[in-house]
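The whole structure should be built from the sequences, with the hints applied where relevant.
Number of protein chains: 2
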Amino acid sequence: MSTPKPEATLAVNGSLSRHRRTYSIGELARMFEVTPRTIRFYEQEGLLAPERRGQTRIYHEKDRVRLKLTLRGKRLGFSLAEIREVIEMYDAMPDGNARQLKRLLEILSDKRSNMERQLEDIRLMQRELDDVEMRAREVLERLDQN
Amino acid sequence: MSTPKPEATLAVNGSLSRHRRTYSIGELARMFEVTPRTIRFYEQEGLLAPERRGQTRIYHEKDRVRLKLTLRGKRLGFSLAEIREVIEMYDAMPDGNARQLKRLLEILSDKRSNMERQLEDIRLMQRELDDVEMRAREVLERLDQN
DNA sequence: GACGACGTTGACGTTAACGTAAAGTGGTTG
DNA sequence: CAACCACTTTACGTTAACGTCAACGTCGTC
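Just so you know, the sequences run in chain order A and B.
Quick note: the first sequence uses my numbering, first residue 1, plus one each step.
Quick note: the second sequence uses my numbering, first residue 1, plus one each step.
Any given hint could be a false lead.
What the hints assert, rightly or not - Here chain B is said to cover these stretches of chain A; the calculated rule only asks that three of the stretch's residues, wherever they fall, bring their Cβ under 8 Å from a Cβ of chain B:
1) 52-64
2) 74-83
3) 89-98
4) 106-112
5) 119-128
Just so you know, the hints here were simulated from the structure itself, not pulled from any lab data.
We put the beta carbon where it would ideally sit given N, CA and C, even for glycine.
As structure tokens, this is what we get:
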């Protein structure tokens, strides 16, 4: 209760946030090296919900964080649907009923074991790469000695 | 030269192998929980090249290992094309020219940094999950106390 | 010798995640 | 004011990685 949290992650405590900055879609796109089309697509899929000034989208810190998390999730092989599910449940958390919350914990547990497996996969794959690289270097060395 | 390698990985030293077993496509499919269709598709994409007895495909240890590596690669987000590229180069290694070998090392280095990033992503994502889970549990507890 | 399990090829269908092109809007700058 | 951005919507196109279905061959066995 009294210990101040280091920083909010998924949610940015809006009004108190130091970052009063906003972003255009193009800025965000360059920041993360994606196209505006991608960002719009994520919105259409319910992953983002930027403010509008007229027609134009205005992105806040919260949106930027979401995009970042989305892209990270993607790199880990999660589908946009999965990512959205987590985001939606997170948003619904404060007033979420017990069933929803338990479902959320279930999903999180799933993601966790998924990542455990990925860690193992990465370890194994790294050994493979080590092995292949070693052999390749051996062959190269023999070529050089001619 | 004299130190015996613990075990071959990508390539199985065929004739000396203890495993003289072969597999049908259905067996392999069940082992890895994929459909036969998937395995045939991988062959069509140049990832597998099983022996044929008449029409029927016969898979050896080497093919099984390849399939395993392929699926692992997939879980790490590599495309079939990328995986094939590595496999092809590996096969061409013994008589590979220097250019090919250097290109292989390059690819391997790419994969490595890719995986480094994934490791970092996983670490970050795990923190996110911890955070979300904590909050969810807090909310749940308050609900239980009513 | 019919049946079921398993295998084959070929072709078309499907889904996710965008790309791309067209056509229009709104601001600012020379 | 014209030209040029950056942004918008709509809509159709594309690619990877299979799924699905049809139509057929080949066993073992009841």
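Taking the hints in turn, this is what the structure says about them:
no., hint, result
1, 52-64, "violated (count 0)"
2, 74-83, "holds (count 3)"
3, 89-98, "holds (count 6)"
4, 106-112, "holds (count 3)"
5, 119-128, "holds (count 8)"
Going down the numbered hints, you'll see the structure goes against just number 1.
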